[in-house]
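Participant: Each chain, written out:
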Amino acid sequence: MAVLTQLAIRRRLFGVKDLKVKPLLDPEGQIEEGAINLTLGTKFVIPKKSEYPLIDPRKLDKNEVAKFQTKITLALGQTISLHPHQFALGATFEFLKLPPNLCAFVLSRSSFGRAGLQIATATYVHPGWQGCLTLELQNLGEVPIRLYCGSPICQLVLLEAHPPLKKGPGMFRRDKPVQVFFPVCLVLEVGENRPQGN
Amino acid sequence: MAVLTQLAIRRRLFGVKDLKVKPLLDPEGQIEEGAINLTLGTKFVIPKKSEYPLIDPRKLDKNEVAKFQTKITLALGQTISLHPHQFALGATFEFLKLPPNLCAFVLSRSSFGRAGLQIATATYVHPGWQGCLTLELQNLGEVPIRLYCGSPICQLVLLEAHPPLKKGPGMFRRDKPVQVFFPVCLVLEVGENRPQGN
Amino acid sequence: MAVLTQLAIRRRLFGVKDLKVKPLLDPEGQIEEGAINLTLGTKFVIPKKSEYPLIDPRKLDKNEVAKFQTKITLALGQTISLHPHQFALGATFEFLKLPPNLCAFVLSRSSFGRAGLQIATATYVHPGWQGCLTLELQNLGEVPIRLYCGSPICQLVLLEAHPPLKKGPGMFRRDKPVQVFFPVCLVLEVGENRPQGN
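Protein chains in written order, with the numbering used here: chain A, 1 to 198; chain B, 1 to 198; chain C, 1 to 198.
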């Protein structure tokens with residue numbers, strides 16, 4: 001019950017196998033005392049800020065959105081620099097699938113946090129969610145930070161949720177009107193490139 | 001135990017009725033897999049930054065504070081624009097009352113988070129707390145964001161807390177000296193307009 | 001199970017004594033309904049931003065790091081001013097030791113949060129962790145904030161973690177390569193001045 005420690009995380013990943021984090025390239029290094037480290041993926045969305053004056057969540061649609069974004073795809077090991085107060089969207093390299101009785105928080109790791117990096121403002125992952133986590137990368141510090149694709153940039157803290165969600169129509173919905181919003185494109189696109197539902 | 005999922009949230013709201021979220025205008029839409037979406041209220045506090053050089057928490061009192069704030073009251077459906085790096089206080093439209101055995105985190109929703117909106121830096125809600133949640137709205141992105149009063153701007157994640165707080169003198173105190181601090185006015189004022197204790 | 005309320009916090013601190021927060025100068029005031037307030041310590045690290053163009057986590061070592069930091073030590077009651085969008089590292093005055101079955105979140109307190117203060121971007125404390133918590137102090141507001149050493153600046157929310165970590169080689173490791181990173185110096189230095197392991 002409550003927060004999963006190392007042993008419980010391993011059991012769910014490798015024994016019960018209802019929790020999926022794929023690929024988990026370095027289980028020894030990534031599974032810590034009470035969290036799993038996730039690494040920075042290779043896809044980023046940088047806003048073209050000069051080209052749109054205002055984000056209005058009720059007026060933007062996905063077609064319009066494409067005009068306002070620069071999409072960047074790098075290779076593992078390549079870097080992206082985040083300047084002070086710069087904001088960019090990234091994603092975890094790992095594809096994540098939570099069982100119906102686990103939820104999670106995605107949080108900064110202390111070493112990066114101390115350089116001023118905030119990795120998400122929206123930190124909660126609902127039970128049953130699947131996909132590559134979108135990261136809202138923000139440099140709150142005063143010096144540019146170099147980020148490496150593939151480096152363990154954030155951590156996933158897992159909590160038991162009760163009662164387990166029941167599968168069925170209307171559950172696990174991820175397509176609400178309010179979600180028809182510019183950065184969702186990133187999530188969808190990243191998700192399409194990964195194995196799902198297994 | 002642990003985090004409440006949809007079924008447990010419904011049970012506490014509509015069965016046991018020890019958790020209060022009022023008004024809950026759209027229960028189907030607002031109660032998600034593992035959280036309740038809360039909407040943006042109509043009252044805001046914008047600091048008059050040119051008129052005070054420094055916030056000193058030990059010297060400010062409530063009378064002095066009034067001079068430093070611009071209070072804005074809008075109607076549901078009206079909008080407020082938050083410019084990059086602008087900071088404003090808002091509140092949830094919903095009045096919230098937690099039972100003595102539940103605490104909560106108030107968190108950004110992903111669609112807004114991806115536009116750069118941070119809705120709170122102080123995210124924890126103690127067991128037994130009641131009131132309209134104050135939101136510390138911050139645009140961490142690089143483009144102005146238009147916010148609609150009444151739109152589902154944040155989510156409340158509920159966790160069981162143990163053992164339940166015992167009611168009595170000295171419990172549920174919300175009026176510590178350190179709280180005699182400028183934005184508390186907002187909380188009190190918003191709270192006065194809502195039904196309490198029922 | 002789940003989040004510890006006042007009674008459970010007291011029991012772990014003063015009964016079972018497997019949770020350590022030292023010194024806890026004002027238990028009545030600091031232990032709230034569902035969290036312990038921690039106070040701002042006296043050591044700070046301010047980056048010399050003009051002297052380094054880029055933080056590259058793979059290239060910085062501890063010797064190089066010293067060149068890029070200004071360390072400040074104040075006395076209890078003295079103040080430090082944090083200007084809008086300024087970033088500084090601080091630490092809790094309290095030394096903390098978590099037992100193998102508790103983890104924690106360190107979070108802003110509402111009164112400070114409403115002035116725009118964010119106290120940490122990396123908010124998770126692993127089970128079994130010990131040390132003085134490093135705070136990533138950030139003024140997200142638009143007016144300078146005066147911070148008092150010794151004032152209750154943040155709160156520690158404690159959650160049960162399961163199963164308890166087993167002690168042994170490879171556990172409670174806090175010295176990963178990625179941690180050889182500039183602000184870790186602060187943690188080590190602060191830790192050396194405090195009683196440990198008792």
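Be a bit skeptical, because a hint or two may be false.
The list cannot tell twin chains apart, which means a pair is met if one copy fits it or any two copies do.
Here are the computed lysine-lysine pairs in the BS3-like style, where the Cα-Cα straight-line distance is at most 30 Å [unchecked claim]:
no.: 1; residue 1: K22; residue 2: K97
no.: 2; residue 1: K17; residue 2: K97
no.: 3; residue 1: K22; residue 2: K59
no.: 4; residue 1: K17; residue 2: K48
no.: 5; residue 1: K59; residue 2: K166
no.: 6; residue 1: K49; residue 2: K166
no.: 7; residue 1: K17; residue 2: K49
no.: 8; residue 1: K20; residue 2: K49
no.: 9; residue 1: K48; residue 2: K20
no.: 10; residue 1: K59; residue 2: K20
no.: 11; residue 1: K71; residue 2: K43
no.: 12; residue 1: K97; residue 2: K166
no.: 13; residue 1: K17; residue 2: K59
no.: 14; residue 1: K20; residue 2: K166
no.: 15; residue 1: K49; residue 2: K22
no.: 16; residue 1: K71; residue 2: K17
no.: 17; residue 1: K49; residue 2: K97
no.: 18; residue 1: K166; residue 2: K43
no.: 19; residue 1: K17; residue 2: K166
To be clear, the hints were calculated from the coordinates, so they are not data collected in a lab. Keep in mind the model is a prediction, meaning the values are calculated, not measured.
Participant: Each hint needs a verdict: does it hold in this structure or not?
Facilitator: Hints, verified against the model:
no.	hint	result
1	K22 - K97	within (9 Å within a copy, 33 Å between copies)
2	K17 - K97	within (10 Å within a copy, 32 Å between copies)
3	K22 - K59	between (35 Å within a copy, 28 Å between copies)
4	K17 - K48	neither (41 Å within a copy, 48 Å between copies)
5	K59 - K166	neither (34 Å within a copy, 48 Å between copies)
6	K49 - K166	neither (42 Å within a copy, 50 Å between copies)
7	K17 - K49	neither (43 Å within a copy, 47 Å between copies)
8	K20 - K49	neither (36 Å within a copy, 41 Å between copies)
9	K48 - K20	neither (34 Å within a copy, 42 Å between copies)
10	K59 - K20	neither (36 Å within a copy, 33 Å between copies)
11	K71 - K43	within (7 Å within a copy, 37 Å between copies)
12	K97 - K166	both (16 Å within a copy, 27 Å between copies)
13	K17 - K59	neither (41 Å within a copy, 37 Å between copies)
14	K20 - K166	both (18 Å within a copy, 24 Å between copies)
15	K49 - K22	neither (33 Å within a copy, 38 Å between copies)
16	K71 - K17	neither (34 Å within a copy, 47 Å between copies)
17	K49 - K97	neither (33 Å within a copy, 40 Å between copies)
18	K166 - K43	neither (33 Å within a copy, 38 Å between copies)
19	K17 - K166	both (18 Å within a copy, 22 Å between copies)
Violated hints, listed in ascending order, are 4, 5, 6, 7, 8, 9, 10, 13, 15, 16, 17, 18; each of the other numbered hints is respected by the structure.
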